[in-house]
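Protein chains: 2
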Amino acid sequence: MKIYRANIIYTPTPGKLEIIPHGYVVVKSNGLVEGVYKELPENMDWRRQVMDFGDKLLIPAFNDLHVHAPQYRNMGLALDLELLPWLNTYTFPEETKYADPEYARRLYRRFVHELWMQGTMRSAVFATIHPEATRILADLFIQAGMGAMVGLVGMNRNSPDTLQNTTDEVIEGMKMLKAHLDEHGDGRVMPIITPRFVPSCSEKMLTALGEYAKETGLPVQSHLSENRSEISWVHELEPDTTCYGGAYDKYGLFGQTPTLMAHCCYTDGEEMELMRKNGVYVVHCPMSNSNLSSGMAPIRKFLNAGIPVALGTDVSAGHHMSMLRVMQYAIQVSKLNYAQTKGEMPFLSLSEVFYLATKGGGSFFGQVGSFEPGYEFDALLVDDSYLNYDNYTLEQRLERYIYLGDDRDIKRRFCRGVELTEPVM
Amino acid sequence: MKIYRANIIYTPTPGKLEIIPHGYVVVKSNGLVEGVYKELPENMDWRRQVMDFGDKLLIPAFNDLHVHAPQYRNMGLALDLELLPWLNTYTFPEETKYADPEYARRLYRRFVHELWMQGTMRSAVFATIHPEATRILADLFIQAGMGAMVGLVGMNRNSPDTLQNTTDEVIEGMKMLKAHLDEHGDGRVMPIITPRFVPSCSEKMLTALGEYAKETGLPVQSHLSENRSEISWVHELEPDTTCYGGAYDKYGLFGQTPTLMAHCCYTDGEEMELMRKNGVYVVHCPMSNSNLSSGMAPIRKFLNAGIPVALGTDVSAGHHMSMLRVMQYAIQVSKLNYAQTKGEMPFLSLSEVFYLATKGGGSFFGQVGSFEPGYEFDALLVDDSYLNYDNYTLEQRLERYIYLGDDRDIKRRFCRGVELTEPVM
Numbered sequence: 001m002k003i004y005r006a007n008i009i010y011t012p013t014p015g016k017l018e019i020i021p022h023g024y025v026v027v028k029s030n031g032l033v034e035g036v037y038k039e040l041p042e043n044m045d046w047r048r049q050v051m052d053f054g055d056k057l058l059i060p061a062f063n064d065l066h067v068h069a070p071q072y073r074n075m076g077l078a079l080d081l082e083l084l085p086w087l088n089t090y091t092f093p094e095e096t097k098y099a100d101p102e103y104a105r106r107l108y109r110r111f112v113h114e115l116w117m118q119g120t121m122r123s124a125v126f127a128t129i130h131p132e133a134t135r136i137l138a139d140l141f142i143q144a145g146m147g148a149m150v151g152l153v154g155m156n157r158n159s160p161d162t163l164q165n166t167t168d169e170v171i172e173g174m175k176m177l178k179a180h181l182d183e184h185g186d187g188r189v190m191p192i193i194t195p196r197f198v199p200s201c202s203e204k205m206l207t208a209l210g211e212y213a214k215e216t217g218l219p220v221q222s223h224l225s226e227n228r229s230e231i232s233w234v235h236e237l238e239p240d241t242t243c244y245g246g247a248y249d250k251y252g253l254f255g256q257t258p259t260l261m262a263h264c265c266y267t268d269g270e271e272m273e274l275m276r277k278n279g280v281y282v283v284h285c286p287m288s289n290s291n292l293s294s295g296m297a298p299i300r301k302f303l304n305a306g307i308p309v310a311l312g313t314d315v316s317a318g319h320h321m322s323m324l325r326v327m328q329y330a331i332q333v334s335k336l337n338y339a340q341t342k343g344e345m346p347f348l349s350l351s352e353v354f355y356l357a358t359k360g361g362g363s364f365f366g367q368v369g370s371f372e373p374g375y376e377f378d379a380l381l382v383d384d385s386y387l388n389y390d391n392y393t394l395e396q397r398l399e400r401y402i403y404l405g406d407d408r409d410i411k412r413r414f415c416r417g418v419e420l421t422e423p424v425m
Numbered sequence: 001m002k003i004y005r006a007n008i009i010y011t012p013t014p015g016k017l018e019i020i021p022h023g024y025v026v027v028k029s030n031g032l033v034e035g036v037y038k039e040l041p042e043n044m045d046w047r048r049q050v051m052d053f054g055d056k057l058l059i060p061a062f063n064d065l066h067v068h069a070p071q072y073r074n075m076g077l078a079l080d081l082e083l084l085p086w087l088n089t090y091t092f093p094e095e096t097k098y099a100d101p102e103y104a105r106r107l108y109r110r111f112v113h114e115l116w117m118q119g120t121m122r123s124a125v126f127a128t129i130h131p132e133a134t135r136i137l138a139d140l141f142i143q144a145g146m147g148a149m150v151g152l153v154g155m156n157r158n159s160p161d162t163l164q165n166t167t168d169e170v171i172e173g174m175k176m177l178k179a180h181l182d183e184h185g186d187g188r189v190m191p192i193i194t195p196r197f198v199p200s201c202s203e204k205m206l207t208a209l210g211e212y213a214k215e216t217g218l219p220v221q222s223h224l225s226e227n228r229s230e231i232s233w234v235h236e237l238e239p240d241t242t243c244y245g246g247a248y249d250k251y252g253l254f255g256q257t258p259t260l261m262a263h264c265c266y267t268d269g270e271e272m273e274l275m276r277k278n279g280v281y282v283v284h285c286p287m288s289n290s291n292l293s294s295g296m297a298p299i300r301k302f303l304n305a306g307i308p309v310a311l312g313t314d315v316s317a318g319h320h321m322s323m324l325r326v327m328q329y330a331i332q333v334s335k336l337n338y339a340q341t342k343g344e345m346p347f348l349s350l351s352e353v354f355y356l357a358t359k360g361g362g363s364f365f366g367q368v369g370s371f372e373p374g375y376e377f378d379a380l381l382v383d384d385s386y387l388n389y390d391n392y393t394l395e396q397r398l399e400r401y402i403y404l405g406d407d408r409d410i411k412r413r414f415c416r417g418v419e420l421t422e423p424v425m
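Taken in order, these protein sequences are the chains called A and B.
Going by this note's numbering, the first sequence opens with residue 1, and the numbers climb by one from there.
Going by this note's numbering, the second sequence opens with residue 1, and the numbers climb by one from there.
Do not take every clue at face value.
As the list claims (entries may be wrong) - Residues from chain B that face chain A, not an exhaustive set, calculated with beta carbons under 7 Å:
#, residue
1, Q49
2, K97
3, A339
4, D390
5, N391
6, T393
7, R400
8, Y403
What the hints assert, rightly or not - DEER-style ranges, computed between Cβ atoms:
#, chain 1, residue 1, chain 2, residue 2, range
9, B, R408, A, D182, 39 to 47 Å
10, B, D45, A, G54, 24 to 32 Å
11, B, T13, A, N88, 24 to 32 Å
12, A, D182, B, K16, 52 to 60 Å
13, B, T89, A, G269, 34 to 42 Å
Read the hints as simulated data drawn from the structure, not as lab findings.
Note that the Cβ used here is the ideal one computed from N, Cα and C, for glycine as well.
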């Protein structure tokens with residue numbers, strides 16, 4: 001058992017911050033939270049074990065539910081095109097390099113290191129079509145002690161010849177990855193079925209991936225309704241489905257197992273209803289959507305409909321791996337939606353985006369992203385003293401950290417109860 | 001004379017980055033640039049004086065043409081309201097505190113320190129209605145060695161009783177400030193006539209400020225067409241003018257002397273034509289406009305019309321003092337405009353926003369913001385080595401610094417040829 005004392009802030013529900021000044025969180029030896037307390041129970045044995053972090057903030061760690069590991073080298077570059085030409089011009093050529101395991105190891109080390117630096121303890125990651133590179137990425141997560149769902153990407157049409165795999169290759173690759181992680185992982189690093197998006201995958205590949213999902217129960221991730229040209233293209237490619245999401249659904253890749261769909265900028269009507277019915281997650285990537293001029297996802301509508309929502313950086317269409325930035329953009333994009341609908345869609349509050357970045361995304365991994373009893377203790381210790389030079393409340397301190405803070409402020413990082421040291425870069 | 005060697009990047013024109021790998025900039029003893037060279041002229045005396053910064057980047061310093069110094073404490077807070085209620089609920093109460101010179105000194109020190117930290121060597125600053133506090137702010141700029149236009153704010157209606165001055169008070173205060181700076185400054189810290197905005201200033205005050213501008217030739221700064229409710233309100237208050245800008249123009253505060261107008265989210269038609277004719281600057285504050293859900297200024301249209309454009313953080317409606325962030329938002333907002341006009345307004349390029357953040361805004365201070373001969377040497381030395389782990393070009397290195405960098409990366413700061421040390425905080 002470990003007991004930490006600090007200013008504790010978390011969000012059991014989206015609407016309100018739970019704030020315990022100089023409170024205690026008790027973490028069991030299995031890494032799960034026993035409870036959060038204003039005062040410790042009368043037990044001298046407990047009191048001796050307290051690790052007092054003084055006036056710092058202790059918050060749940062961040063979860064990035066949509067990020068492309070092999071695009072890390074392009075982060076902060078090449079943002080002058082929209083989605084489809086951006087993929088062909090910048091992204092596919094970079095991903096092709098991951099055929100070389102040594103290249104992959106060198107860049108993936110930096111990627112995992114940066115997740116650690118930014119306080120992102122769990123992520124849902126697109127790798128590439130390359131099984132060896134993808135295994136290397138999964139192993140780096142295991143070594144770092146961080147949680148991740150790692151996807152070997154399936155893509156066999158409308159992509160460069162050098163960046164395609166066959167249906168057999170993606171299924172075989174996933175089986176190898178799963179076997180490897182079943183043997184070497186502790187359940188925190190898992191495979192996830194990853195058709196790139198409908199235009200990249202033939203009927204045969206989507207069918208096989210859907211069957212593999214059904215057979216294994218493994219989760220699924222892909223892209224949905226990011227950009228108008230993409231949506232038109234999907235309608236041409238799948239003329240017998242009435243919405244883009246319906247194309248995934250047809251193949252058993254839309255909530256038949258736990259499913260993440262990134263973007264959903266233009267999701268509405270039938271597609272939204274299908275997501276609600278099937279419990280499909282929206283992964284909102286507002287930084288990326290701004291960079292690629294994709295659009296502004298109607299997150300308020302998703303929340304009102306009871307659809308689960310998480311946040312993602314979508315590096316490298318998103319230009320930064322900080323979930324703080326994603327929270328800022330999520331609020332700002334929701335304000336533009338608010339202005340353009342003349343107030344019909346109230347914008348997101350601070351506690352709502354903090355919820356999405358912690359418990360909202362964390363829920364995809366189980367009981368992650370909160371300090372409620374039974375939750376895995378994923379946490380960040382934040383020293384905001386340089387921002388706290390006047391008489392700010394704890395809620396204001398959290399707000400200023402989200403708007404003004406960066407990786408420098410994170411002093412300790414915990415994943416499932418274990419404090420993580422800096423990964424080798 | 002001083003000679004610096006580094007990777008030199010600047011923008012004489014908006015369309016193209018001028019890049020000199022391992023080039024030389026020669027700075028005369030008066031602080032002005034003598035020239036930039038790929039190789040030094042054959043002169044042994046020059047060669048002995050070279051200060052070699054190795055592989056770092058040397059770029060013009062940033063210029064923030066719209067920022068509210070007394071809102072510094074609120075930075076990263078209180079972004080849950082639109083402009084008019086935001087002013088009344090959060091901003092006016094904070095500005096009222098600047099009646100106390102000791103409060104002002106304590107917070108203004110931090111503000112000037114942060115400008116230095118973020119590499120912003122010149123700024124156009126709103127202070128408050130308080131002459132003593134405003135003089136303290138001007139003195140802090142002088143001590144720091146940074147350039148600034150400092151405005152004592154005029155406001156005598158539609159504001160709290162505790163935050164109003166009379167027409168006589170604002171004119172007397174400006175005269176005192178001008179006399180003080182004429183005596184103690186070196187021309188880099190100057191007064192600027194600052195009616196808050198039309199709704200805050202009576203006809204009498206606007207008339208007197210216009211006459212004072214005419215009499216002294218001093219520049220003017222204010223707010224224009226930020227938000228729809230504000231524009232309607234101005235139409236009610238000034239029924240005989242046909243556009244918001246026309247109300248300033250009527251009083252001689254719209255380009256009769258050099259003029260900055262912040263925001264211009266809804267400026268078009270007659271107002272745009274008046275700005276063009278009078279050479280009024282647009283100060284684009286996209287971070288603020290997103291935070292207060294104000295709107296998206298049509299910057300491409302302003303540039304096409306030949307209207308001068310600068311960038312501003314607009315702290316604390318903008319939540320961060322980094323001009324890097326403002327450049328990111330300027331591109332992103334232009335992309336949303338691009339998407340919503342179906343491509344009619346091409347979005348801003350990296351070299352365009354870099355130009356706006358350096359020479360675009362710098363031109364308001366004279367020959368500032370470039371390394372062309374005769375320009376004041378305002379510069380930042382940037383160490384991006386942690387971002388430059390692979391084979392990136394210099395243009396890519398600049399792009400990654402703009403998207404991924406922060407204050408840590410700035411190793412030296414120069415203003416008019418002098419390297420500035422860290423101001424007392």
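Regarding the hint that K97 (chain B) lies at the interface with chain A, is the smallest CB-CB distance below 7 Å? violated (11 Å)
Between D45 (chain B) and G54 (chain A), does the beta-carbon spacing fit 24 to 32 Å? Given a distance of about 57 Å, which is not inside 24 to 32 Å, the answer is violated.
Evaluation of the interface hint that places Q49 (chain B) against chain A, nearest CB under 7 Å: With a closest approach of 35 Å, the Q49 (chain B) hint is violated.
Would you say the C-beta atoms of T89 (chain B) and G269 (chain A) sit inside 34 to 42 Å of each other? Since T89 (chain B) and G269 (chain A) have Cβ atoms about 38 Å apart, the given range 34 to 42 Å holds.
Tell me if R400 (chain B) is really an interface residue toward chain A, meaning its C-beta lies closer than 7 Å to one of theirs. With a closest approach of 4 Å, the R400 (chain B) hint holds.
For the restraint on T393 (chain B), tell me whether the closest CB of chain A is nearer than 7 Å. Interface hint status for T393 (chain B): violated (10 Å vs cutoff 7 Å).
Does the interface hint hold: is D390 (chain B) within less than 7 Å of chain A, judged Cβ to Cβ? holds (6 Å)
Assuming the hint says 39 to 47 Å, is it satisfied by the Cβ distance from R408 (chain B) to D182 (chain A) or not? Since R408 (chain B) and D182 (chain A) have Cβ atoms about 42 Å apart, the given range 39 to 47 Å holds.
At a threshold of 7 Å, is the proposed contact between Y403 (chain B) and chain A supported by beta-carbon distances? holds (3 Å)
Tell me if the interface restraint on A339 (chain B) is satisfied: Cβ within less than 7 Å of some Cβ in chain A. holds (4 Å)
For the hint 24 to 32 Å, verify it against the beta carbon of T13 (chain B) and that of N88 (chain A). holds (30 Å)
State, for the Cβ atoms of D182 (chain A) and K16 (chain B), whether the hinted interval 52 to 60 Å holds or is violated. With Cβ atoms ~55 Å apart, the hint holds.
Hint violations for this structure: numbers 1, 2, 5, 6, 10, all remaining hints satisfied.
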